[in-house]
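Asker: Here's the letter readout for the chains.
2 protein chains.
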Amino acid sequence: MSKSILLKALVVVTFAFSGFANAGDEKVRWRLAETWGPNFPVFGDASKNMARLVKEMSDGRFIIRIDSANKHKSALGIFDFVKAGQYQMGHSASYYWKGKDFNTLFFTTLPFGMTTPEQYAWFYHGGGMELMKDVYDKYGVMSFPGGNTGNQMGGWFRKEINSLEDLNGLKMRIPGFAGEVLAKLGAKPTNIASGELYTALERNTIDALEWVGPSLDLRMGFHKIAPFYYTGWHEPATELQFMVNQKAYDKLPKDLQVILKTAMKLAAYDMYTQSTHESGKNLATIQNDYPNVKIRSFPKPVMQAIKKANDDLLAEFAAKDPKTKEILDSIHKYQKQVRGWTNFSDRAYLDNFDSK
Amino acid sequence: MSKSILLKALVVVTFAFSGFANAGDEKVRWRLAETWGPNFPVFGDASKNMARLVKEMSDGRFIIRIDSANKHKSALGIFDFVKAGQYQMGHSASYYWKGKDFNTLFFTTLPFGMTTPEQYAWFYHGGGMELMKDVYDKYGVMSFPGGNTGNQMGGWFRKEINSLEDLNGLKMRIPGFAGEVLAKLGAKPTNIASGELYTALERNTIDALEWVGPSLDLRMGFHKIAPFYYTGWHEPATELQFMVNQKAYDKLPKDLQVILKTAMKLAAYDMYTQSTHESGKNLATIQNDYPNVKIRSFPKPVMQAIKKANDDLLAEFAAKDPKTKEILDSIHKYQKQVRGWTNFSDRAYLDNFDSK
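Heads up: the sequence lines are chains X and Z, in that order.
Quick note, in my numbering, the first sequence goes up one by one and the last residue is 356.
Quick note, in my numbering, the second sequence goes up one by one and the last residue is 712.
Source of the hints: derived by calculation from the structure; they are not laboratory data.
None of the values given here were measured: they were computed from a predicted structure.
Mixed in with the good hints there might be a few duds.
[To be verified] List time: in silico BS3-like cross-link candidates among lysine-lysine, alpha-carbon distance up to 30 Å: (1) X:K294 - Z:K656; (2) X:K261 - Z:K610; (3) X:K261 - Z:K656; (4) Z:K411 - X:K251.
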């Protein structure tokens, strides 16, 4: 073998090793901070499923470690963690950041807003993702759907609501925008830490509370002390959120970028499917084991008043900021179009099914 | 340089090349046969989206070529193609194979069956995937959800249906199981090639037809010649199907297996979102541009009679085959549980929204 062939062989060795290292040895290691505690059902499954898909699809080249709230000690610090790059990813909900940027409020759910399939259609075909990007871009944060709870129940009430007067002075745990709506009608919305909710309701510190729906309410035990379970109006399609630090994302090779986006999108849809399952199963358990629980809808005049208070509040918001107006116009226009289909498809079908 | 070092260098070259080849050079090339023609809207997007995700997530190591019906010339030959390994994959619908194995009928949709979110919950949490595997395993074929149309409309009718008598002798293009149900009530179901449907309806060769829903009906033009558009009962959640040849799948490295499954599952969910969007958009177009189109639901006595005919037919099927009974029992039990939730969530919410 000549010296020149030997040199060629060594060049090939060097080239081949560098290629091999890129393909298999240099692992990307990221950290995700989530709002939830460890082993939180359904919500926590979404982040775990996403990280597992990323690991398996990348053949172990891309590892995402999940830190729950017990670890990072800041359930509502997720936005800042991701913005600063302290964590490359977060799992939370967009409406938690309305104090930082009011327009983040509109990418989770809205009272009297879209149902889950309608809202996914708005995100992916109706301009929702583009509007969300407009809002988050300036923080160097990318925001994506992170899992849907489906329709949330209106809450657990110790006394029946028969008229608008019954809302007056009602002490209810209902945080955020929906609480502001009820406050317009004289209710006293409060927020209470989840660990203290049961006792507060039992001791009449509050008269009512909303949590999620049967998927997560069953384990809280509210059905044992509040016999009225009201149907929903305030969170028809609560979508959680994956956040990604833009600079960290830009450094990923193209295939890992697509793997990450695909895993987030699938984990989000899958959480909606899981929520549907858990809600059906747990509602059946509540109805079988606690036959005294009465499922009610608010009387029509109450519902109309709540809806009007909500419309008035949204109009106030829209008047303050052109970007808010742009987002609300998009939502309202899209909702009107897609609701026509929902009414003639699933809604008419459920009526046809129950023809009596 | 000694001879022994030269030998070591060559060993390294060989090792490195084999590693490098595995990581980047040996492409997996598959072919997928689909029932639809080229550029078929929505359905064809699902297979294309799946193949694009596989290619991008695998960094080009896994390429799936799609042959539409114009290429392979056998729209309903997909099952046999995949079973024989002539194609590694197929994109079609499970209920097309009921002539080969009757129990494939139950993995697409059923008259008076589950809605789309309910059915996904059954597939992934209620035992549906396991039952589908039982049915397909013996053919060496894997079957997966392949995209959902959402609720399908009951069809376009030239005359209004006011009573059961109006179904008697009605010539309607409605193939498959739903046609058998209507035949029990005296209708004359027929099947007609899609290219001839418009003319058949215009010339009164048929009195009515069902196709899909606004997402695909608009381009067919039926609204120009049949003024009554009926809401749905027979296909509440039509799920297309990806099929994979089991032996071909088993030869894939683990990461490409997960990439393939993830891409199929996401493309299926995404088709439901796309269907929701297209249906909303196209229904609005029909209503705006053709105000004479009247959307109707069958009168209650008609709906009740159709439902009874359907129940009787399913009971006949279940009596013939224990596996059929097992599948139908699973569907009915799950549907009853999850429907409780649907009624108190999205359905009650839509009523609350429209409180007047």
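Asker: Between X:K294 and Z:K656, does the CA-CA distance stay at or below 30 Å?
Answerer: OK: X:K294 and Z:K656 at ~28 Å, within 30 Å.
Asker: Does X:K251 lie within 30 Å of Z:K411 when you go C-alpha to C-alpha?
Answerer: 20 Å, holds
Asker: Is X:K261 within 30 Å of Z:K656, Cα to Cα?
Answerer: Roughly 46 Å separates the two Cα atoms, so the pair is violated.
Asker: Assess, step by step, whether the Cα of X:K261 is no farther than 30 Å from the Cα of Z:K610, and give holds or violated.
Answerer: 20 Å, holds
In this structure, the one hint that does not hold is number 3.
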